[in-house]
Amino acid sequence: MNKRTFINTILTAVCLLAAPLTTYAQSDASTAAEERGLEIALEADARDRGWGDSSTELSMILRNRNGQQSTRRLRTTTLEVDGDGDKSLLVFDEPRDVQGTAFLSFTHVSDPDDQWLFLPSLGRVKRISSSNKSGPFMGSEFAYEDISSQEVDKYTYRFLREEELDGMSTFVIERIPTYEKSGYTRQIVWIDTEEYRNIKGEFYDRKGDLLKTLTWNDYVQYEGQYWRSLRMEMENHQTGKSTTLTFSEYNFQQGLSDRDFDQASLRRAK
Amino acid sequence: MTIAKNAQSSFLNGRSGLFRILSLMGIMLVVGAAASTEAAAQTPGSRFQQIMDDSRFTADLGFEFRGFPSKPLYDGQEDHAASIMADVEWYLDVGRHRILLNPYARLDASDSRRSHVDFREAYWQYAGSTFEVRAGLAKVFWGVTESNHLVDIINQTDAIESPDGEDKLGQPMIQASWIFGQATLDTFVMPFFRERTFPGQEGRLRTPFLTEKGEAFRQDRIDLGARMFVTMGMVDVGVSAFHGTSREPVFGLNPATASFELDYPTITQLGLDLLAIRGEWIFKSETIYRSGYLSRFLATTTGFEYTFSNFRNIGWDLGGLAEYHFDGRDEVDFAGQSFRLSSLEHDVFGGARLAFNDAQSSEMLAGAVVDVISGEHFVLVEASRRVSQRMKAEAEVRAFRNTTPDGMFHFLRDDSFAQLSLVYYF
Numbered sequence: 018m019n020k021r022t023f024i025n026t027i028l029t030a031v032c033l034l035a036a037p038l039t040t041y042a043q044s045d046a047s048t049a050a051e052e053r054g055l056e057i058a059l060e061a062d063a064r065d066r067g068w069g070d071s072s073t074e075l076s077m078i079l080r081n082r083n084g085q086q087s088t089r090r091l092r093t094t095t096l097e098v099d100g101d102g103d104k105s106l107l108v109f110d111e112p113r114d115v116q117g118t119a120f121l122s123f124t125h126v127s128d129p130d131d132q133w134l135f136l137p138s139l140g141r142v143k144r145i146s147s148s149n150k151s152g153p154f155m156g157s158e159f160a161y162e163d164i165s166s167q168e169v170d171k172y173t174y175r176f177l178r179e180e181e182l183d184g185m186s187t188f189v190i191e192r193i194p195t196y197e198k199s200g201y202t203r204q205i206v207w208i209d210t211e212e213y214r215n216i217k218g219e220f221y222d223r224k225g226d227l228l229k230t231l232t233w234n235d236y237v238q239y240e241g242q243y244w245r246s247l248r249m250e251m252e253n254h255q256t257g258k259s260t261t262l263t264f265s266e267y268n269f270q271q272g273l274s275d276r277d278f279d280q281a282s283l284r285r286a287k
Numbered sequence: 041m042t043i044a045k046n047a048q049s050s051f052l053n054g055r056s057g058l059f060r061i062l063s064l065m066g067i068m069l070v071v072g073a074a075a076s077t078e079a080a081a082q083t084p085g086s087r088f089q090q091i092m093d094d095s096r097f098t099a100d101l102g103f104e105f106r107g108f109p110s111k112p113l114y115d116g117q118e119d120h121a122a123s124i125m126a127d128v129e130w131y132l133d134v135g136r137h138r139i140l141l142n143p144y145a146r147l148d149a150s151d152s153r154r155s156h157v158d159f160r161e162a163y164w165q166y167a168g169s170t171f172e173v174r175a176g177l178a179k180v181f182w183g184v185t186e187s188n189h190l191v192d193i194i195n196q197t198d199a200i201e202s203p204d205g206e207d208k209l210g211q212p213m214i215q216a217s218w219i220f221g222q223a224t225l226d227t228f229v230m231p232f233f234r235e236r237t238f239p240g241q242e243g244r245l246r247t248p249f250l251t252e253k254g255e256a257f258r259q260d261r262i263d264l265g266a267r268m269f270v271t272m273g274m275v276d277v278g279v280s281a282f283h284g285t286s287r288e289p290v291f292g293l294n295p296a297t298a299s300f301e302l303d304y305p306t307i308t309q310l311g312l313d314l315l316a317i318r319g320e321w322i323f324k325s326e327t328i329y330r331s332g333y334l335s336r337f338l339a340t341t342t343g344f345e346y347t348f349s350n351f352r353n354i355g356w357d358l359g360g361l362a363e364y365h366f367d368g369r370d371e372v373d374f375a376g377q378s379f380r381l382s383s384l385e386h387d388v389f390g391g392a393r394l395a396f397n398d399a400q401s402s403e404m405l406a407g408a409v410v411d412v413i414s415g416e417h418f419v420l421v422e423a424s425r426r427v428s429q430r431m432k433a434e435a436e437v438r439a440f441r442n443t444t445p446d447g448m449f450h451f452l453r454d455d456s457f458a459q460l461s462l463v464y465y466f
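Line by line, the protein sequences are chains A and B. In this text, residue positions in the first sequence follow the numbering used here: the first is 18, and each later residue adds one. In this text, residue positions in the second sequence follow the numbering used here: the first is 41, and each later residue adds one.
The hints are simulated quantities; they were obtained by calculation from the structure and are not laboratory data. Any given hint could be a false lead.
What the hints assert, rightly or not - Within a straight-line C-alpha distance of at most 16 Å, the following computed EDC-like cross-link-like pairs (lysine to aspartate or glutamate) qualify: (1) A:Lys217 <-> A:Glu266; (2) A:Lys198 <-> B:Glu320; (3) B:Lys111 <-> B:Asp454; (4) A:Lys143 <-> B:Asp454; (5) B:Lys111 <-> B:Asp94; (6) A:Lys217 <-> A:Glu240; (7) A:Lys143 <-> B:Glu320; (8) A:Lys287 <-> B:Glu206.
Unchecked claim - Ranges between beta-carbon positions, derived for each pair: (9) B:Leu338 <-> A:Arg64: 57 to 63 Å; (10) B:Tyr346 <-> A:Arg64: 39 to 45 Å; (11) A:Glu240 <-> B:Gly135: 21 to 27 Å.
Since the structure is predicted, the reported quantities are computational estimates derived from the model, not experimental observations. For glycine and all other residues, C-beta sits at the position ideal for the given N, C-alpha and C.
Could you put together the complete structure from these sequences and hints?
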């Protein structure tokens, strides 16, 4: 019997726009709007390829409707994999009672992710189920599906219009999740026309009502090519709660390999 | 077969040992608090291509209170128990090397035998690109099932911490591991054996007879262990072997002295742990074959876990567990009497876990183990949540019911208890 409480936090990858795909499905788009929507998604994906590996620290501030706050901190390393989804290793730093808990994830293009959790008090590696990602990550307003690696195949797309947002010209695209267990019926995403970065997203729940709005802010460009948002703000309109996700500076291309993302590395993660 | 009586010689024995470890913890607390640095932007898990220095100090302090509603079986036992614990960890990473120290202490107000200190871990480790080595005391867990851990054999159980047997004493070892892709081979040489801890005369949850530390019978030897683990997509497999002193003692009645004694027989154990995952279903199984003095048996624990994530879209995660235990162990006969510490001959476990996924990480767990033949059962309910950013509260209820005189829980029949603990994390 497991005396220790089961820490059910799952994160499949943290970097948005960080899912290099060397394979993708061609959509059966029958209308120009759908074709154009897919084109934009593919271009955004193509611009974020070849980064190799990256690491960063995250800080999450959770706010409820009374303004009370709590903080989460974690560190993450990610590896771009040829012909498959990313591998990532996360280590939790705060809250202190979960410090040292580590999470290893191998994402895949069409199969569910392989995920293992390391529980430091028991020294135990536990394999966990990853097929439903609609639940909240660490009690925040980000669902696991919001922060896991965004792959083109996970949605069907439809171009809506062009719009000026915060002084930038953007494409406004509707995307509908293709995976069954999503918490959303659809999403609307604003992507800037120059660099193809996500700027804003609206998430509609299973009843079709507007549930959350996400903004990506403070973009920094790395290696002359890869854009990373250093601050994401998610607001839940139905509960009045919000979460701010802040990233430290990213480090790229540190020469990591599969060896840094195996069971032995998971056990040693601190 | 030679049997030698071996007092547990240890730097940590006795009163001077207690003083040594408490001094060490005190020094670590002061130095750690004064000079604690958290290295910025640490990369988790990666130690190969870069030289990196990292060091961290953490300390957990806990208070635990237990209440026993039934009258105790023996004189001197009380109906409540209060204790405090400290779990301190410090590590230093330099390039591919790590040194880690994890002393632990519990001070119990009712049972002096439950007060104890230990190094859960104290080792040096080197991590290379295909090879890792570690020397010192460490904690190693093998296995996949929830309600029973058959395959897990490296560490001795610190049984006084909790009747669930999940707390372990640090094991002195030299570990050498080889990594090939998704396969890992871990090998262990363990020159020092540690005896299981048992409650004292005034402690609850104790056996009918008392055991003296250092008087158990066992062979003086070096124990060996190995496990090969492979993960292949949906399946994780571990094959393990152990030859040496069994971590599980056998109680016997010495006909000459007419008193009970502990024996840690020399055994060979082969283990297989298997996990297969498909969607929300996880199949889990552990099987062991053990042979040693006077016995040879097969035992298995096999079952399933099913997870409903984001249950009814309110953010809760609900997990259901079911496991079956079979244990082919025969009774070992000493002058017509014997006791075994572990006997799940035909038992079924069912349980459920609920994680609320709220800001306080509230969770609950409930489960029961039932002996299919005797109807004897044991029920567990646990709940926990953070009460502040650095403090966590846990409540636990364990009930032993319908016990029969030859059942495994019979000696615990009046020791059902409720427990509340508060842990502060520095």
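What's the verdict on Lys111 of chain B and Asp94 of chain B, does the C-alpha distance respect the 16 Å limit or exceed it? violated (52 Å)
Does the structure keep Lys111 of chain B and Asp454 of chain B at a Cα separation of 16 Å or less? Holds, because 7 Å separates the two Cα atoms, which is no more than 16 Å.
So does Leu338 of chain B sit 57 to 63 Å from Arg64 of chain A, Cβ to Cβ? holds (58 Å)
Checking one constraint from the list: CA of Lys143 of chain A to CA of Asp454 of chain B, max 16 Å. Satisfied? Not OK: Lys143 of chain A and Asp454 of chain B at ~34 Å, beyond 16 Å, violated.
Using the Cβ atoms, figure out if Glu240 of chain A sits within 21 to 27 Å of Gly135 of chain B. Roughly 26 Å apart at Cβ, these two residues keep to the hinted range, so it holds.
Sort out whether Glu266 of chain A lies within 16 Å of Lys217 of chain A, counting only the CA atoms. violated (21 Å)
Between the alpha carbons of Lys217 of chain A and Glu240 of chain A, is the straight-line distance 16 Å or under? Distance of about 24 Å is beyond 16 Å: violated.
Tyr346 of chain B paired with Arg64 of chain A, Cβ distance criterion 39 to 45 Å: holds (41 Å)
When you check the alpha-carbon spacing of Lys143 of chain A and Glu320 of chain B, does it fall within 16 Å? Distance ~15 Å between Lys143 of chain A and Glu320 of chain B Cα, so the pair holds.
Is Lys198 of chain A within 16 Å of Glu320 of chain B, Cα to Cα? holds (11 Å)
Restraint status (C-alpha distance of Lys287 of chain A to Glu206 of chain B at most 16 Å): Judged against 16 Å, a Cα distance of about 22 Å means the pair is violated.
In terms of the numbered hints stated before, the structure departs from hints 1, 4, 5, 6, 8, listed from lowest to highest.
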